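There are 2 protein chains.
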Amino acid sequence: MAEGTDQTAYLQAFVQGLVDGGIKDAVVCPGSRSTPLTVLLANRDEIRLWMEVDERSAGFFALGMAKAQGSSVVLVASSGTATANYYPAVVEASLSDVPLVVITADRPPELRDVGAPQVIDQVKLFSGYVKAFAEMATASTGDGMVDYAWAWGRRAAEMARSEPMGPVHCNFPLRDPLVPDLEATGRPMHSGHLPLGDKMPGVLLAPRRLDSEITNRLRELLEETANGIIVAGIHPAPDFNRDLLALARRLQYPVLADPLSQLRSDGTQDRLIISGYDAFLREPKVRAWLRPDVILRFGPMPVSKYLTQALNEWSDVPQILVDKIARWRDPNHARALNIVETAPSSLCRDLAEGSDTKDSVLRSGDWSRRWIRLDEIAFESVAAEGDGLWEGSVMAELARWLPDGSALYVGNSMPIRDLDTFWKASRGFVRIWANRGANGIDGVVSSALGASTKAGPLVLVLGDLSFYHDFNGLLASKLYHLPATIVLLNNDGGGIFSFLPQSSLPRFEELFAVPLGLDFSLGVSMYDGKFVRVRTLEQFREQMEASLGAKGLTVIEVPSDREQNVRRHRALWSAVGRQAAGMIENWEQEA
Amino acid sequence: MAEGTDQTAYLQAFVQGLVDGGIKDAVVCPGSRSTPLTVLLANRDEIRLWMEVDERSAGFFALGMAKAQGSSVVLVASSGTATANYYPAVVEASLSDVPLVVITADRPPELRDVGAPQVIDQVKLFSGYVKAFAEMATASTGDGMVDYAWAWGRRAAEMARSEPMGPVHCNFPLRDPLVPDLEATGRPMHSGHLPLGDKMPGVLLAPRRLDSEITNRLRELLEETANGIIVAGIHPAPDFNRDLLALARRLQYPVLADPLSQLRSDGTQDRLIISGYDAFLREPKVRAWLRPDVILRFGPMPVSKYLTQALNEWSDVPQILVDKIARWRDPNHARALNIVETAPSSLCRDLAEGSDTKDSVLRSGDWSRRWIRLDEIAFESVAAEGDGLWEGSVMAELARWLPDGSALYVGNSMPIRDLDTFWKASRGFVRIWANRGANGIDGVVSSALGASTKAGPLVLVLGDLSFYHDFNGLLASKLYHLPATIVLLNNDGGGIFSFLPQSSLPRFEELFAVPLGLDFSLGVSMYDGKFVRVRTLEQFREQMEASLGAKGLTVIEVPSDREQNVRRHRALWSAVGRQAAGMIENWEQEA
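Which chain is which? The protein sequence lines are F and C, in order.
Numbering of the first sequence is given in our numbering, commencing with residue 50 and proceeding in unit increments.
Numbering of the second sequence is given in our numbering, commencing with residue 50 and proceeding in unit increments.
Extracted from the complex, chain F is given alone in its bound form (with noise of 0.2 Å):
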């Protein structure tokens, strides 16, 4: 190999730069274009390899993993459409704000657009999707060369994880021959060494707080506003729930809780803590009496379509986003909506701290007992409706008692929705997850099993389109003998069209429920997975339990039929519309 051109030492400079960024898991894809960076990444004892053939379970695994670390964890594909595969994920962890560091292996420039096989413009390939693209040089030892790989890969790891985190695509032309030289001797090596030591990250992030003089108004807006909301959206810090709810408690607001803050399962109860809103704020009449003077809000918007529903109706008072940056999430673009980018954290605490002047712990508490109240309203409903096994009873019997130290993980569509109305915040720790950037119904079974990775025991819960869709994620499963627990929704099509408009057309069923009809058992199986059906809710508890102290993958399925799904909630959400507006008429009264 001619003096200045070795690509092993150069890629071996790169891998360093992940190692000295943080990297410590990477999922790869064979491929023979990739070679030398999969040899090199297996190479190194810091770096957990991970094998996938899908590469779009792949991606999606790697995301899963990522999420549950909450560091950045490297996806490698040959070159070619394989590469494409990865878009799926790429596109949720850049809305989701997950850490990726995806590396693709390329032809050199002279081998590109030229009729040569397996050969894909891979310039740019994820478009706007990625916080940076590197098409990186050809590889070079000479002058500076060895330092620039380094500095990307370390770069790479470093910026992903930076906030907001999201995927780093790093496209690298390789040449013949692919199989690294690791023999060689007297080979520019790069020391790796970190200026601040191993401890210290290589992106020092000074912490943004407001302008104390602004805090102290905010804090006086709120303490003089005793009907005020705080709307919790995705959060995946239990720390900022604690300064969260300090806040929340000193200002006596109700927090209405997305499923996926984490406030409804971080182990801190507190009755402050409103979930049952999903339900109650389908209600005209109830909306209308619960109209707030301020709203808090945190992060992206919630799962619920009727708190988003509220929200546009209060489009007029005065509405405080708190985000990491200003990303003007508001689909209802509210006349009133102000954005504060900091650490939601640090400005929590600031508004909790401050003057005791006008200390609202003293405030009458009216205003939240109307939340508490009609929460209350719903779970009882709940626990009304949630007789027998059906797909409502499963979330809200996970709630109950599903071990502290679980995770679970939640299919969109249906399950997402279901998690919201029927998970009632409890005393319990468990870490909850979905895929909500863009509340796909793919690459599911994948993050779920990358997520085990990192915590469990692990529970999914999905429909059996979402299970069907990315089937092949299984394969984690057997390759890595995962224990996971998968309870399987299957109502035989999407349920979720049922509750739609939809419903109602001819052809319906083939045009938008598309019944499957798969007896997933025998798919099951050839993952080396167990499969059980239940049709009670004893047979429920009984083999979850035995699932969540069993080795490898257990499939849970939980027959259901759409029409009676769609019944049953219509039920449930009608009895909550019926006693709310009630609980209001006596309240009115006694007032």
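These aren't lab readings, by the way, just hints derived from the structure by calculation.
Don't take every hint at face value.
Treat identical chains as interchangeable: a pair holds within one or across any two.
What the hints assert, rightly or not - Listed next, the in silico DMTMM-like pairs over lysine to aspartate or glutamate satisfying Cα-Cα at most 20 Å (straight line):
| # | residue 1 | residue 2 |
| --- | --- | --- |
| 1 | Lys73 | Glu559 |
| 2 | Lys473 | Asp162 |
| 3 | Lys527 | Glu558 |
| 4 | Lys579 | Asp568 |
| 5 | Lys180 | Asp162 |
| 6 | Lys527 | Glu559 |
| 7 | Lys579 | Glu634 |
| 8 | Lys354 | Glu232 |
| 9 | Lys579 | Glu637 |
| 10 | Lys373 | Asp319 |
| 11 | Lys600 | Asp453 |
| 12 | Lys373 | Glu390 |
| 13 | Lys527 | Glu587 |
| 14 | Lys373 | Asp146 |
| 15 | Lys73 | Glu269 |
| 16 | Lys527 | Asp541 |
| 17 | Lys73 | Glu95 |
| 18 | Lys473 | Asp192 |
| 19 | Lys173 | Glu591 |
This one's a predicted model, so the numbers in the text were calculated from it and none came from an experiment.
Position chain C against the provided structure of chain F, taking the given hints into account.
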């Protein structure tokens, strides 16, 4: 609904345009945002709807269908990551000239990038991989807007199938209500009246024809050069092959026929059609002995790595590349390359006609006999090594007795190479396809099943990794009872890597071969398919025969051992090399 914003009328006009543009099939994935598109397409008798759930498989299903019928197929997805799942198929369609009209439903501008659910940036989602992207207007029936929608429907369908064919993408911002109002009267309907009548296409392409003076000079060059070869790359059109063969006979040039040129299997048998070159061009001595004086090449680069290498060694030999458009498909950057951008058929006819003063039929044929003899040697070795059931003999067998009118889809990695090595030109008529735009192992099952809707009986030969990758693709066979035979060459891993230098690396099995250990019989049952495992050639023949006459899906698994497979291939190649070298020696002595 406000006058002038009738979404149904607007989309009806677009769908009318699709019909007028010749669309007959639409592959639709269910979704909420895409509801009006789905319903309005379903409403047209002219269009057959195919429902799929996994968009990635759906994309390849449409690709196979469009490839087999040679005209545009519509592909519909709802908003979100669903659309990104089309990326691999769109890339492949772009690189292999397959006409797709990709229609994605999107949120309207006011709901983009504001935290609304299931919204991703779909503008130019497929980057440079589409021939055209249209960000459609929001629905309007105002001045000229119905004409605009109609025109784009027609244009998208026509553009996709204009040469070079490829994918076109229309993104539709759609507002609630999504359920179309089919009962409304007084709606502005587009007549769909075509200016030149129903039978005339919307885009009339004047044929390209080289200036006769230049044609004459090319003819002279070829007629003066006895030792020329024709390299026929991937080409879908049997019509062209007749013209090509007439020219070859006139010039007495051997035709190195890529298996995807259809020349080996389009019923026009001729000794000039050389199909064993991948085996005998491995020998450097043979490449030197066969050095031509002119190369006439058609279409994309051939599959064969050794033909590519030979072309590289002959890069100073005048080479005339004929292509529909000048795409510089030459990874060798040959010094002596020239490109003729024209319709290949008419050029062949023009070159073959001309004056008869130098009738090349009178040539001695010594040159072409060299090639013909080597071709015989190659297939004598194939016959000798073809004993018993192994990966190589599967292709040799199929070449011998696949019935006339069959269609063969071949997976990438080893199956396409085995096709190249073992498929001897024969008198039978079998259409042969593979995804050779980007040579991915993804989407192959769906591509084949898509093709099966337009051609058949269909046989798909692929390896286990590729089968696993698009296992979801089997759903189409279940939903639509598609008759298909899948020959699964199961060597439990990536067989091609055993042929590469990677095979000597430590941890080869883990990092490259990646054996999955899947019992596919279980998964195939899930899709109502029949699964048989065969151990002998006789069993293989019997099961193939039974399957070709049967309805529905049959998977015939041929278990294979990777190491043994490599040994048998190498034995074959070395036998060919040995005998070729001996033959050359004799030939030279006799001369």
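How the hints compare with the structure:
Taking identical chains as interchangeable, the C-alpha atoms of Lys73 and Glu559 lie at most 20 Å apart only when they sit on different chains, with a minimum of 19 Å there against 46 Å within one chain. In this assembly of identical chains, the alpha carbons of Lys473 and Asp162 never lie at most 20 Å apart, being 57 Å within a copy and 31 Å across copies at closest. With identical chains, the CA atoms of Lys527 and Glu558 are at most 20 Å apart between copies only, with a shortest distance of 16 Å across copies and 34 Å within one. With identical chains, the CA atoms of Lys579 and Asp568 are at most 20 Å apart both within one copy (14 Å) and between copies (15 Å).
For the homomeric pair Lys180 and Asp162, the shortest alpha-carbon distance between copies (16 Å) is at most 20 Å, but the shortest distance inside one copy (26 Å) is not. In this assembly of identical chains, Lys527 and Glu559 lie within 20 Å of each other by CA distance solely across copies; the values are 14 Å between and 34 Å within a copy. Taking the shortest Cα distances, Lys579 and Glu634 never come within 20 Å of each other, neither inside one copy (52 Å) nor across copies (64 Å). Taking the shortest Cα distances, Lys354 and Glu232 never come within 20 Å of each other, neither inside one copy (60 Å) nor across copies (29 Å).
Taking the shortest alpha-carbon separations for Lys579 and Glu637, neither the intra-copy value of 55 Å nor the inter-copy value of 68 Å comes in at or below 20 Å. For the identical chains of this complex, Lys373 and Asp319 are neighbours neither inside a copy (25 Å) nor across copies (71 Å), given an alpha-carbon limit of 20 Å. Proximity of Lys600 to Asp453 under the C-alpha cut-off of 20 Å is restricted to the intra-copy arrangement: shortest distance 18 Å within a copy versus 52 Å between copies. For the identical chains of this complex, Lys373 and Glu390 are intra-copy neighbours only, at 5 Å inside a copy versus 55 Å across copies, given an alpha-carbon limit of 20 Å.
Taking CA atoms no more than 20 Å apart as the test, Lys527 paired with Glu587 passes in neither setting, with 28 Å inside one copy and 34 Å between copies. Only within a single protomer do Lys373 and Asp146 lie at most 20 Å apart by alpha-carbon distance; the minimum there is 11 Å, versus 45 Å between protomers. When the C-alpha separation of Lys73 and Glu269 is checked against a cutoff of 20 Å, the pair qualifies neither within a copy, at 46 Å, nor between copies, at 66 Å. Proximity of Lys527 and Asp541 under a CA criterion of 20 Å is satisfied inter-copy only: 14 Å between copies versus 25 Å inside one chain copy.
Taking CA atoms no more than 20 Å apart as the test, Lys73 paired with Glu95 passes inside one copy only; the shortest distance there is 6 Å, against 55 Å between copies. Neither within a single protomer nor between protomers do Lys473 and Asp192 lie at most 20 Å apart by alpha-carbon distance, with minima of 61 Å and 53 Å respectively. Taking CA atoms no more than 20 Å apart as the test, Lys173 paired with Glu591 passes in neither setting, with 50 Å inside one copy and 50 Å between copies.
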